[in-house]
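Engineer: Keeping their order, the protein sequence lines are chains A and B.
Positions 24 to 457 (our numbering) are the ones given, in order, by the first sequence.
Positions 17 to 472 (our numbering) are the ones given, in order, by the second sequence.
By construction, these hints were calculated from the structure, which means they are not laboratory data.
Mixed in with the good hints, there may be bad ones.
Stated by the list, open to error - Distance ranges between label pairs, derived from CB positions:
id	chain 1	residue 1	chain 2	residue 2	range
1	B	Lys443	A	Lys276	28 to 38 Å
2	B	Thr290	A	Thr421	50 to 60 Å
3	B	Glu292	A	Gln163	44 to 54 Å
Unchecked claim - Taking lysine-lysine and the BS3-like style, the derived pairs with C-alpha atoms no more than 27 Å apart in a straight line are:
id	chain 1	residue 1	chain 2	residue 2
4	B	Lys129	A	Lys401
5	A	Lys138	B	Lys289
6	B	Lys289	B	Lys145
7	B	Lys385	A	Lys455
8	B	Lys145	A	Lys326
9	A	Lys218	B	Lys215
10	B	Lys215	A	Lys150
11	A	Lys273	A	Lys84
12	B	Lys155	B	Lys215
13	B	Lys353	B	Lys271
14	A	Lys138	B	Lys145
15	A	Lys167	B	Lys155
16	B	Lys271	A	Lys177
17	A	Lys385	A	Lys455
18	A	Lys326	B	Lys155
19	B	Lys271	A	Lys276
20	B	Lys155	A	Lys177
21	B	Lys129	A	Lys423
22	B	Lys215	A	Lys177
23	B	Lys155	A	Lys365
24	B	Lys289	A	Lys455
25	B	Lys271	A	Lys150
26	B	Lys129	A	Lys167
27	A	Lys167	B	Lys289
28	B	Lys271	A	Lys385
29	B	Lys271	A	Lys425
Fair warning: this is a prediction, and the values are worked out from it, not measured in the lab.
Beta carbons: idealized from backbone N, C-alpha and C, even for Gly.
Next come the chains, spelled out residue by residue.
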Amino acid sequence: MGIRFLSLLLGLIVSVSIQANPEIEHWQTEKGARVYFVPAPELAMIDITVAFDAGAARDGKQSGLALLTNAMLNEGAGGLNTDQIAIAFEDVGAQFGNSSQRDMAILSLRTLTDKAAFEPALTMFSKVLTQPDFPLDSYQRIQKQVLIGLQAEKQSPAAISSRAFYGNLYGNHAYASMPSGNEQSVSELTLESLKAFYQQYYVAKNAVIVLVGAVDTVEAKRIAEQLSSGLSVGTAVKPLDQVTPLLHQKIIKIDHPSSQTHIVMGQTGMSRGDADYFALYVGNHILGGSGLVSQLSNEVREKRGLSYSVYSYFRPMRELGPYQFGLQTRNDQAEEALNVMKETLNLFSEKGPTGAELLAAKQNITGGFALRVDSNSKIAAYLAMIGFYGLPLDYLETFKSKVNAVTVEQIKDVYSRRVQADKMITVMVGGKAE
Amino acid sequence: MLTKFKTIIGLLLVIPAIATANVSEYQLDNGLKLIVKEDHRAPVVVSQVWYKVGSSYEHNGITGISHVLEHMMFKGTENLGPNEFSQIIAANGGRENAFTGRDYTAYFQTLEKDRLEVSFRLEAERMRKLVINEAELLKEREVVAEERRMRTEDNPHALVREAFNATAFVNSPYHHPVIGWMSDINNYEATDLRQWYQKWYAPNNATVVIVGDVEPEAVYSLAKQYFGPLKPETTARVKPQIEVEQRGKRTVEVKAPAELPYMMMGWKVPVVKTAEKEQDWEPYALEMLAGILDGGSSARFSRDLVRGEEIAASVGAGYSLFSRLADMFLVVGTPAKGKSIADLQQAVMAQINQLQTELVSDQELKRIKAQVVANAVYERDSVFYQAMQIGMLETIGLEWQLTDQYVENVQAVTAEQVQAVANKYFKDKGLTVAELTPMPLDGKRPASAAGGRHGH
């Protein structure tokens, strides 16, 4: 209490804007699930997220396994069918969600905290989480829908380029395949393998429970216990293989009957909790992460009108996530736009940002910090990230000072150590110049 | 100084569940409207400037000009260089952008609460002092052409939507895509932009919406300081452009490189703005009807067409009851593997037919109402969304109070009313159907080719 008050005063001296860092409460349930809770009493609602280390990185050779397992959970549970489950949530205005990426598999619930809505919603959410039935007819339908989704990807140059980028970037690593798998792998999945995947990975020791809403700590503890009590204790998962950085550059060109060429370029980037996180994050903010005022946007869009969207971003993951650059431009100017993007990166790697650019970036990131945590849903997303990747509980509190501590020299150093512009993967999907 | 002032404590007595909304409304002498909604949950503020202009104000030859003007609003004023607007907002920790729709063009910044002045200073500057530089315009035409290629030309569903709107609407300006036809994009001239700006960008054609941790009177003072000195403009009377009566089903086919078939069906329907006084419940009955068909995974489309008969890989119903001009009730979808577009259309028509002949159950009605009530709470988790609702309603000529009345109006809908609108509007006479015929992806791209909203 005393310390928070002091930091508040210091904050007032540096800037007039007041920080509202959410106070995170953290504990473990009896079964061993890690819980992260922020009370938000203003609105009579709650957001609950349960994240498992059960994403596509755990697919093994059965690409698509994690995604289909996740998608099957609300298709039948505790003897109830899909219709009955959907009705239970929607009768009380609750929103159920499920999704699965490379690292995380997520179940989420947004509901009113009014008892008449909350209790039925929570009961059904617990059922879906802990007693999925994996009915065969649902499985066959979901499998067909995933296959149709894969077919739809083929008419999207953006989807084609993303698949090719990850495949070539990660080679034999688990991050190489797309969470939705491919036609062959999805066709070959079996219901038995989904059930086994669920048994192994949807366990308390592998779960992070996030609660943000209008409940007190006692109630939050009760909710977390109810959710995790039906899970097996299980064991925490094994670490993933380390990602090997690229040794050679590679250019992949894919013909597509589009008027634009979609370019995706990049290399391995950083992990969550990476020692170089802040220097890389702030550096990239200047280069291509700050929208209309980034160097890339200035060179490609503002000065030359070559693309509507141009960006670069790190996607930090459990292991090294991608560092990705991209733009889309008329087929006949694809080479020109690619060259401008590369030159901008090269110049930045070589010279780093100016002091003025670094100052502007810091002002942008820290001056808008409150915007990152101005809603329950944003806070819940941060808690899931902090919990899942084991980041320190004061991650949000120390964020601004860590950004402010970054120097031009540090950015130059990390770009020379971590970014190899001459060893990147470049994927170009598009048609011929007309 | 004659300024209008009224504070409305959002329906405190009527529905206590959503009564904390505290909204203040002001009008400056020059006609600028200011609406402030207090939300003290976080020390942030969203500032939006809404202009009553969009693609539905445009005519042939200059389609998309509202959208390209929105881009040019970042390209310099009498006192700001190109892109300087964005640089100043960035240096103040802000997030900003803009979007153009059929009925509005809006600019926004989200900032920590003590930076609102920056937003007002810059927005007041570009409300009347924009400079259209020829060289900047030529570059920006290219950027917008790239945006159109990305959103429309290379996107088979967007191509279908464009053909669909151009077929369904004959003389209504909803005929045109928001982003404009490519030929128009390639031929805007600086004088076109200057005239368009002069005509629509003025305090008396703008609504400023502020939502966040602010004190309304202080915002009002700030608004007077920055927007107060701006001169109003004589804006042209907007022609009604009422869509001619449709006298039979229309169909249009789009061939494009694609893997999967896709279809859109749309029936001409009224919206809140165009509904007749005695039938002002109809848009809400249509909204309910959309919910019965597609309000969640338990709704009829998911239950019967995606699951059940497994006719659709995906199918959705869409109706937006808030627009300036009469609009359509849409059903869009992709057939399941082994099913055809004809199968899907037949199944959709069977669903419509059921709504026409049988009353929807009490349980279904209650479920949709429960979702509407809950959503009204969930929406308040976002200051941005709250500002969007207010700005959009005001800009299409309705009142922001409708955001609260909406819940009551949907709750009042009966099963008989749902059946009545199903019978009145879902007739072949007002139906338009568009179908995508997939062409091989290794074939030659067809030469030509937008709807929705377009950000800067």
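Engineer: Determine for every hint whether it applies to the structure shown.
Structural biologist: Verification of the supplied hints:
Remark: the range hint 28 to 38 Å for Lys443(B) to Lys276(A) is contradicted by a beta-carbon distance near 51 Å. With their beta carbons about 55 Å apart, Thr290(B) and Thr421(A) fall inside the hinted range of 50 to 60 Å. A hinted range of 44 to 54 Å holds for the C-beta pair Glu292(B) and Gln163(A), which are about 49 Å apart. A distance of roughly 18 Å separates the Cα atoms of Lys129(B) and Lys401(A); the hinted pair therefore holds under the 27 Å criterion.
For the given pair, Lys138(A) sits about 38 Å from Lys289(B) by alpha-carbon distance, which is inconsistent with the 27 Å threshold. Among the hinted pairs, Lys289(B) with Lys145(B) is inconsistent with the structure: their alpha-carbon atoms are about 33 Å apart, more than 27 Å. Taken as a hint, the Lys385(B) and Lys455(A) pair is broken in the structure, with Cα atoms around 52 Å apart against an allowance of 27 Å. For the suggested pair Lys145(B) and Lys326(A), the alpha carbons sit about 23 Å apart, so the restraint of at most 27 Å is met.
Of the supplied pair hints, the one linking Lys218(A) and Lys215(B) is violated, its CA atoms being roughly 64 Å apart against a limit of 27 Å. A hinted pair counts as satisfied when its Cα atoms are at most 27 Å apart, and Lys215(B) with Lys150(A) does not qualify at roughly 59 Å. As the CA atoms of Lys273(A) and Lys84(A) are separated by approximately 25 Å, the hinted pair is consistent with the 27 Å bound. Note on Lys155(B) and Lys215(B): the hinted pairing holds, with a Cα-Cα distance of about 23 Å set against a maximum of 27 Å.
For the suggested pair Lys353(B) and Lys271(B), the alpha carbons sit about 20 Å apart, so the restraint of at most 27 Å is met. Proposed proximity of Lys138(A) and Lys145(B) is contradicted: the alpha carbons are some 55 Å apart, above 27 Å. Restraint check for Lys167(A) and Lys155(B): not satisfied, since their Cα atoms lie roughly 45 Å apart, outside the 27 Å limit. With a CA separation close to 16 Å, the supplied pair Lys271(B) and Lys177(A) stays within the 27 Å bound.
In summary, the hint linking Lys385(A) to Lys455(A) is not supported, as the alpha carbons are separated by about 42 Å, beyond the 27 Å threshold. Proposed proximity of Lys326(A) and Lys155(B) is supported: the alpha carbons are some 8 Å apart, at most 27 Å. Restraint check for Lys271(B) and Lys276(A): the C-alpha separation of about 26 Å stays at or below 27 Å, so the hint holds. Restraint check for Lys155(B) and Lys177(A): not satisfied, since their Cα atoms lie roughly 31 Å apart, outside the 27 Å limit.
Restraint check: the Cα-Cα separation between Lys129(B) and Lys423(A) comes to about 17 Å, which is no more than 27 Å; the hinted pair holds. Annotation: proposed proximity of Lys215(B) to Lys177(A) is violated, straight-line Cα distance about 45 Å (limit 27 Å). About 21 Å separates the Cα atoms of Lys155(B) and Lys365(A), which keeps this hinted pair within 27 Å; it holds. At most 27 Å may separate the alpha-carbon atoms for a hinted pair to count; Lys289(B) and Lys455(A) exceed this at roughly 47 Å.
For the given pair, Lys271(B) sits about 46 Å from Lys150(A) by alpha-carbon distance, which is inconsistent with the 27 Å threshold. As the CA atoms of Lys129(B) and Lys167(A) are separated by approximately 49 Å, the hinted pair breaks the 27 Å bound. At roughly 42 Å between alpha-carbon atoms, Lys167(A) and Lys289(B) are farther apart than 27 Å, so this suggested pair is violated. For the proposed pair Lys271(B) and Lys385(A), the alpha carbon gap of about 50 Å is over 27 Å, so the pair is violated.
Straight-line distance between C-alpha atoms of Lys271(B) and Lys425(A) comes to about 54 Å, which puts the hinted pair past the 27 Å bound.
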